[in-house]
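These are the residues of each chain, in order.
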Amino acid sequence: MARTLAMFTDTSLCIGCRACQVACKQWNELPLEQPEWTGSYQNHAHFTDKTYRLVRFVEKPKENGELAWLLMSDVCKHCAQAGCLEACPTGAIYRTEYGTVNINQDVCNGCRYCVSSCPFGVVAFNHDTGRANKCTFCNDRIHNNLGPACAKTCPTDSIQFGYRDELAAKAEKRVAKLKEMGHKDAQLYGVDTNGPLGGLNAFFLLLDRPSTYNLPEKPLLPQRNVLADSLLSVGSALLVGVGAVMAFRERGGKGGGHA
Amino acid sequence: MTTNLIDIQNSDVIMCTNNMAENHPVGFQWVMKAKERGAKVIHVDPRFTRTSAVADIHVPLRSGTNIAFFGGLMSYAIQNNLYFKDYVVHYTNASFLIDPGFKTATDGGGLFTGLEQTGKGGADPHIAQTYNKSSWKYQVDGDGNPKRDNTLRDPSCVFQLLKRHYSRYTPEMVERVCGIPKAKFVEVAKLYCGNSGPDKTGTITYALNLTQHTNGVQNIRALCMLQILLGNIGRPGGGVTALRGHANVQGATDLELLYHELPGYMAMPLRDVHPDLKTYLEKETPKGGFWVNKPKFFVSLLKAFYGDKATKDNEFGYQWLPKRASADAYSHQHMFVDMYKGRIKGFLADGQNPAVGGPNAKLARAAMQRLDWMVVKDIFITETADVWKTPGTDPKDVKTEVFFLPAAPAAEKDGSLTNTMRLIQWHEKAVNPPGDVTSDAEFFVSLAKRLQKLYAGSKKERDKGFLATSWTYGDNPKEPSMELVLKEVNGFATEEIKDKDGKVVYKKDQALNTFVHMTDDGKTAGGCWIYTGVIVEGPDGKLINKANSRKPADDKDYLGHGWGFSWPANRRIIYNRASADLAGKPWSEKKKLIWWDPAADGATPDKKGKWVGLDVPDFNAFLAPDAKNGDKPFIMRADLVGAFFGPLNDGPFPEHYEPMESPTRNLLSKQQNNPVVKVWQVPDKKNELAPLGSKDYPYVITTYRLTEHHLSGVMSRYLPMLAELHYSHFAEISHELAKEIGLDNGDRITVMTPRGKIHTKAMVTHRLKPFKIDGKTVHQIGVPWHWGWKGVDALPGSKGDITNDLSATVADPTVYIQETKAFMCNVKKGEV
Amino acid sequence: MLRSPEWHMMIVWYFFLGGIAGGAYFTAAIADNFGGKKDRDVIRIGYFLSLLLVVLCGILLILDLGVPTRFLNMMGFFTFWNPMSIGAWMLGVFGLFAFVSSALSLWGSDSMVRFRRIWSLIGTITGFFLASYTGVLLSNSAQPFWSDARVMGALFLASGASTGMAAISLLMYLSGEAAGEGFEKVKRADRFAMIFELLVLALFLALLGSAAAPLTTGHMAPLFWVGLVIVGLVVPLVLDLVGAGLKVPAVVPAVLVLIGGFIMRYVIIMANA
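Protein chains in written order, with our numbering: chain A, 1 to 259; chain B, 260 to 1091; chain C, 1092 to 1364.
What the hints contain is simulated information worked out from the structure, not anything from laboratory work. Predicted model, so just to flag it, every value in this text is computed and none were measured. We put the CB at the ideal spot given by N, CA and C, even for glycine. Hints are not guaranteed to be accurate.
[As the list claims (entries may be wrong)] In silico DSSO-like cross-links for lysine-lysine, where the CA-CA straight-line distance does not exceed 27 angstroms:
| hint | chain 1 | residue 1 | chain 2 | residue 2 |
| --- | --- | --- | --- | --- |
| 1 | A | K173 | B | K299 |
| 2 | B | K1031 | A | K60 |
| 3 | B | K1020 | A | K60 |
| 4 | B | K998 | A | K60 |
| 5 | A | K62 | B | K1031 |
| 6 | B | K851 | B | K801 |
| 7 | A | K62 | B | K292 |
| 8 | B | K1016 | B | K600 |
| 9 | B | K604 | B | K392 |
| 10 | B | K621 | B | K1020 |
| 11 | A | K177 | B | K344 |
| 12 | B | K759 | B | K600 |
| 13 | B | K998 | B | K1088 |
| 14 | A | K62 | B | K441 |
| 15 | A | K177 | B | K292 |
| 16 | B | K582 | B | K379 |
| 17 | B | K344 | B | K406 |
| 18 | A | K62 | B | K1028 |
| 19 | A | K60 | B | K443 |
| 20 | A | K60 | B | K1028 |
| 21 | B | K1058 | B | K1031 |
| 22 | B | K292 | A | K179 |
| 23 | B | K449 | A | K179 |
| 24 | A | K62 | B | K1016 |
| 25 | B | K344 | B | K621 |
| 26 | B | K954 | B | K1016 |
| 27 | A | K218 | A | K170 |
| 28 | B | K658 | B | K621 |
| 29 | B | K767 | B | K708 |
| 30 | A | K152 | B | K815 |
| 31 | A | K173 | A | K218 |
| 32 | B | K759 | B | K604 |
| 33 | B | K1058 | A | K50 |
| 34 | B | K344 | A | K170 |
| 35 | B | K406 | B | K392 |
[Claimed, not checked] Where chain A lies over chain B, by a calculated footprint (3+ residues, C-beta under 8 angstroms):
| hint | region |
| --- | --- |
| 36 | 312 to 321 |
| 37 | 556 to 567 |
Looking at chain A on its own, in the form it has when it is part of the complex:
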């Protein structure tokens, strides 16, 4: 396994210009798409099968009467423990040697279980191709010594690309500096590899709590309960089986009849 790559999106540097959205569309040759009315500049409420990078705009009035307009370029988190990958029954969703998560469009059969299993609601179903889509971490670019298109185009370096360990160290320094500068709610999201989902390979610096950005406060791997749920089903089966046996049991001797 090669050294893990990551994207660090520092929302304190984001000016909401949407160059990342356009670069992503252009590089991935994504087709035309109707925007949605969200009541703000944000052109989709959430990711779609044709929008892999989405800039979120959150107006948040502050206690002192001032306004905060939180700008965040959101993307697939490429989780170290990925719900989509665990859900895929065809093996179409795989992890590259760089730690990024990709959906092989030649294998995906469109069952949409991955769509239901992303704690962030990232994966989307493309009704035209019948397959699931999401950010590929510019898979072709990273295999040719280039970074993702969004990182390259970002004019303020809000989106940074590099080795995960180096970016994580940078992020820690950055959040400390922001706190010093007075951003008391500045926090990292997804940096900690001992944290939720084993850490995110596309992690963030937020200026407010995650729920303000419509992110789950503590994302969990959806498949964490398979064993428990299965055991409960087994229990149910046993009880049902016992009930059925009691209903059909012949008094005195068993199974005597011919079919």
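Position chains B and C against the provided structure of chain A, taking the given hints into account.
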């Protein structure tokens, strides 16, 4: 801009008065870098925008009150001794004494001394009255030099007049006029003015937020005056950050695609004022400052136009040059009013979409529908090209014959772009244009040659000039060589030039290295003197195109002199002499830029001393600080100093006047509007203005741009990837106003002014808030203007109503720019 | 912010029919192993019904895919802890069990019967699996209330039992075999399954707590309470216990249970449509 985008990282405080993050996102990275270094960012804007989102302080200001704001800051700086005294005393005209007959607007009820009625013009103040500037001058001594008081105490000195003029601009007044709470204004004044002096600098950014007003020029003057008051010009992290609104509009103005100037910022001759070359040069050449060289630049320009046909004997072709019949004519707005009145028969729109992009767009479209013919050259079929079938117009009623010629965008042609920091960058053709598509150069050269053929036998005087123009740019009959065009712009020797010792300095046709080598005797040609140096010839005669050089900035050269070419002479920060004190030392080590090195080699082997440093000196490199004029940084001005007192058409000091449509009487004085504002009388009620206090139009409206779209939308609304970034056209409305009208976020609404009405979608937001103007609530809305009826059919939101249908035909008296940033409107729920 | 997998009617039918298939099979297998001669019809109908339905289920699943021809891609992959993955495989394995059990229910010889009984007993595991795994599949996704429903699988299994048994009794009634001990036994088993299902449903709601809102107070609430709980479980149970005196045809409770079972899948899946 006088400085350089990269240099913004050196600012201690940055005051963005425009929406820089949204409209200059790439340049804005340097503001972010300044923030990393501890700079504070102030954003002054009626709306809370994406710039405000990353600024430290947002200052909400009612549209149209920028002079009140800047005046308030100047007054605050003066009252609280925050100005940079040494800089002000020595590098500006603050100490100069003014004719005692001159009185400021404080004593003139909002007017300066000398306003006279002309007896003409009636309803157009621009013609009906004018300022007699006879008292707007310095007191001079026996030698003709301005009298000065370096203590700045003489009541007639500019500084005291400035103080008197802005004495009305108190923090209380700023609150009443601009709607900025007093405490916030004082906070900002302390922060911005406090970050000045020898080791602090600040820069102010602006764009069309300041220009598109009937007080546009004075808005910018006020900004510049504040900057010289605080000693920020010519220093790292300082300067005036004028942000041009288009990738090459700087190039467009440098090469003067404007009606009133010729390339290199020289006046377009006026027929009656400049009847011959001698008179032109006499009247237009000042007695001091670098413009004393104007004759060299002007004659070289004529040589570039007319080639060998321009000689000493025929005034270098001066008589062939078209002249202006009047100074009050030919601007965009003049042209469309004339077009509507039927005085213009034909029109060529090259890469411009006045059907959408110009003020009073309904009038513009009606005007174009009265033309006999129109040629539209553009990359898409625009609303202008389709004006003959504007929705609501029956094509049968329009007799205009329209020719559409497809144009090549930047990637399909060679050429240069000059950006907001005067940086000329070359781009090479990446792919051939398809089919009939031609570049502008190809079109114009080919058109010129065809016209010359057409007029070949003509004996008419007026055709001689055109027939004399030279269009030789290489051997390809179809495509001109853009590098040869650049060479002509740069300038070259028309014949062999020798120095006084007989040594050949330039071979015939060799590119000039510097505009200093231009002559007024016809030996040099140069299409735009400020560009000289962009292209030079190597020893082998091959052209070295500096606009194409791409050496990135590094620690040794943070300004990146190896990347592109920045006019003039690759100087990145102009007026940089001002970064050093009278003795030639930087004002501080932290803010060093250039300095005098007495030990360096001088101009000749026997002399010593040179200006050195981190930038090309914007100064005679060998002029010692203690030599005559060695302490005067503002070399382009006749008196070589920065001007607080600057005799413009509407006053030597900026004075706050209300926009032509306003929600309030002028609280600063009895003079409601700019006394010499240009207002056109247009037939058929096509330019009605809302009277003061009109109940029909109670809300202030401002129009602006978004990151995702470009100007009239031709470069963005046809491209799905861009067109889909915004759901549709919208108007931003405060929650408070929405509640009053009964609007929900997303409702369809009608916005109307006396010129027209549009239907759009309400975006109700916290980012707009009502103002308290003189104690009364004044609502303001904002509407972007990128939409027109054409776009991507599959994306209905890419099409929308034309915001400019709402704006009026009124103009600043100096440059005739429109007032699209502040006027009045009404908003109704539903599509009325 | 989550995203719906947009599983709609085809998946609702699959869950419903798959539940019946699994339930009918293990009912038949238990009757086969623990019942007597008179249960012959139950057994035969149960096996054949499950075989027919599993084929239908397979078709439904394949058609619901974005790229139906690629269903085979699931056969090139296997992840033990992934309900979707094992589910795809188990559908085929169950089909095999159902086929052999069905075929062998046509033969008479003793050794065939003995083999069939052992085969089917083993096969009950696949039947239980088919009826319940779709619930585990839902509860291990990231969807609202699905992901909180620990007993979804248990509930689906109970419902598979009740609907499987109801389907068998309905078919017996329709084919004129309603009079007979087998019929009574399957109805007795169904009664127990219904009671158990009500209890598991109560536990399901209790464990969900406020997360159950999409079902209990949202726009699905009328269908949930009236369609599933009352019409689909309480009424048939009451009718079954006291209906004989009311002269209600014995088949009515079975039909209501089937309706209830369909509604259960419908409200659960379509609440996250």
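For each hint, the structure was consulted:
no. : hint               : verdict
1   : A:K173 to B:K299   : holds, 20 angstroms
2   : B:K1031 to A:K60   : holds, 23 angstroms
3   : B:K1020 to A:K60   : holds, 22 angstroms
4   : B:K998 to A:K60    : holds, 19 angstroms
5   : A:K62 to B:K1031   : holds, 21 angstroms
6   : B:K851 to B:K801   : violated, 37 angstroms
7   : A:K62 to B:K292    : holds, 26 angstroms
8   : B:K1016 to B:K600  : holds, 23 angstroms
9   : B:K604 to B:K392   : violated, 39 angstroms
10  : B:K621 to B:K1020  : holds, 20 angstroms
11  : A:K177 to B:K344   : violated, 36 angstroms
12  : B:K759 to B:K600   : violated, 59 angstroms
13  : B:K998 to B:K1088  : holds, 11 angstroms
14  : A:K62 to B:K441    : holds, 20 angstroms
15  : A:K177 to B:K292   : holds, 14 angstroms
16  : B:K582 to B:K379   : holds, 24 angstroms
17  : B:K344 to B:K406   : holds, 19 angstroms
18  : A:K62 to B:K1028   : holds, 15 angstroms
19  : A:K60 to B:K443    : holds, 20 angstroms
20  : A:K60 to B:K1028   : holds, 14 angstroms
21  : B:K1058 to B:K1031 : violated, 35 angstroms
22  : B:K292 to A:K179   : holds, 17 angstroms
23  : B:K449 to A:K179   : holds, 24 angstroms
24  : A:K62 to B:K1016   : violated, 36 angstroms
25  : B:K344 to B:K621   : violated, 51 angstroms
26  : B:K954 to B:K1016  : holds, 16 angstroms
27  : A:K218 to A:K170   : holds, 23 angstroms
28  : B:K658 to B:K621   : holds, 17 angstroms
29  : B:K767 to B:K708   : holds, 25 angstroms
30  : A:K152 to B:K815   : holds, 25 angstroms
31  : A:K173 to A:K218   : holds, 23 angstroms
32  : B:K759 to B:K604   : violated, 54 angstroms
33  : B:K1058 to A:K50   : holds, 22 angstroms
34  : B:K344 to A:K170   : violated, 43 angstroms
35  : B:K406 to B:K392   : holds, 19 angstroms
36  : 312 to 321         : holds (count 3)
37  : 556 to 567         : violated (count 0)
The earlier numbered hints that this structure contradicts are 6, 9, 11, 12, 21, 24, 25, 32, 34, 37.
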